[in-house]
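These are the residues of each chain, in order.
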Amino acid sequence: MSMIEFKDVQKYYGDFHALHDVNLKIDAGETVVLIGPSGSGKSTLIRTINGLEEIEEGQLLVDGFDLHDPKTDINKIRKNVGMVFQHFNLYNNKTVLENIMLAPRLVLHRDEAENKRIAMELLEQVGLADKANSMPAALSGGQKQRVAIARSLAMKPKALLFDEPTSALDPEMIGDVLDVMRDIARDSDMTLLVVTHEMSFAKAVADRVIFMADGRILEDSSTEAFFENPTEPRAKKFLSQVEHH
Amino acid sequence: MSLFEQNFSVFLQGFGHTLLASIFALVGSLILGTIFAIMQVTNSRTARSIGNIYVQVFRNIPLLIITLFFYLAVAKVIKMTGFTAGTIALTLYTSAFIAESVRAGILSIEAGQMEGARANGLTFGQAMRVIILPQAFKVAIPSLGNQFINLVKNSSILAFVGGLDLMYQGNIVAANSFDTFTTYIIIGLFYLVITLPLSYYIQHLEHKLKKNA
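Going down the list, the sequences are from chains A and B.
So in the UniProt record's numbering, spot 51 of the first sequence is number 51, and the numbers just go up one at a time.
So in the UniProt record's numbering, spot 91 of the second sequence is number 91, and the numbers just go up one at a time.
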């Protein structure tokens, strides 16, 4: 069953055509990596999936809900689709533990003891149990991002969206965050969509790679096929550029 | 200081009314101001317009005119004393300024805080209440402090509509004793009894929050 489905989706910012005839189907449980040069529409695409950006035309089905239908309650989708941001977006006025427990309490009305147990388990999983009572300002970028991942996981979502999760991190912090993401891809049956420039991560984890440029999906292939033998000239050029870094 | 002693109970009654009007208006304008600030940052065009019109109307008309409007016009329909009319006018007038302070506070919070909360499943109202407003108020405290101090001083508007406040009582004492100078010195000191602790408390709050940040 497909978890996310784009059908002829168009998205504009004024005159700028941000998403151009996007057709895409992601099955439940798949791990898909989305790559492309900056300004290609990757972030815009991923942000339409949980309604942070609206689409102008076409159909976007997420977990059975039609996002373009005004009657759709976006909060129902967000309950099941988590997002991890480039700049973490942790709640600055809440402790690490409260960051994780807040949405399950307010949205899922999870029992308080159960909520705390799950939150501590998740902090354990991302290696930050000792930071439970710290404020976000006291954490490094890499630690913030691992807390943000734990916060998303606490909702027990069906799908998790990663919008350039390591792009704002110092190089020595990236590994820890990618390790956590790798474990999630391996151990869970969540649908994962990851916008990233980390090619080694894509090669190791992705079932499929999607290449975007100028608001269009130019290539959609299995990971192996994409890296061994990309068909699109622009994808070839992009790969040679990022791999020479 | 026989003038002070002779009229002590009158001054005290005025002080009580000023304090009461200030507390009512402070709480009321903080609630109203916050509501209109939120209306101005929502996605709804209608809510934004209503919030904007409200703020522009009450911010740009002299407080005296708003007070007289309630005392002379509204009081004809709904019976109210000068004290009530003055306090309502003071609340509405101040709430427009508070709405601007709170709105500036909200806009100073990075958009990522709201996005993070919404993506996490919180409604707009929950995100506002639990994440955005607590941070916005921290930013707005110095400016809110100014509004509160202005509010206490502006409560002297009650004297125009027989509001029994400090200024009203002072006017009476001054007229009866012919000692205007001493009377208004005493009245001024009574205002300081409210405004100085208020200023001090706001400074204290500011320092405390700075340390926590």
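None of these hints come from the bench; they were simulated from the model.
Be careful, since some hints might not be right.
[To be verified] Now the stretches of chain B that chain A is said to cover, found in silico as 3 or more residues with beta-carbon under 8 Å: (1) 111 to 117; (2) 121 to 134.
[As the list claims (entries may be wrong)] Stretch by stretch, here's where chain B covers chain A in the computed footprint (C-beta under 8 Å, at least three residues): (3) 115 to 125; (4) 149 to 156; (5) 182 to 190.
Small disclaimer: the values here were computed from a predicted structure and weren't measured.
Every residue, glycine too, gets a C-beta built ideally from N, C-alpha and C.
Going down the list of hints, with the structure as the test:
no., hint, in the structure
1, 111 to 117, "holds (count 5)"
2, 121 to 134, "holds (count 7)"
3, 115 to 125, "violated (count 0)"
4, 149 to 156, "holds (count 3)"
5, 182 to 190, "violated (count 0)"
In terms of the numbered hints stated before, the structure departs from hints 3 and 5, listed from lowest to highest.
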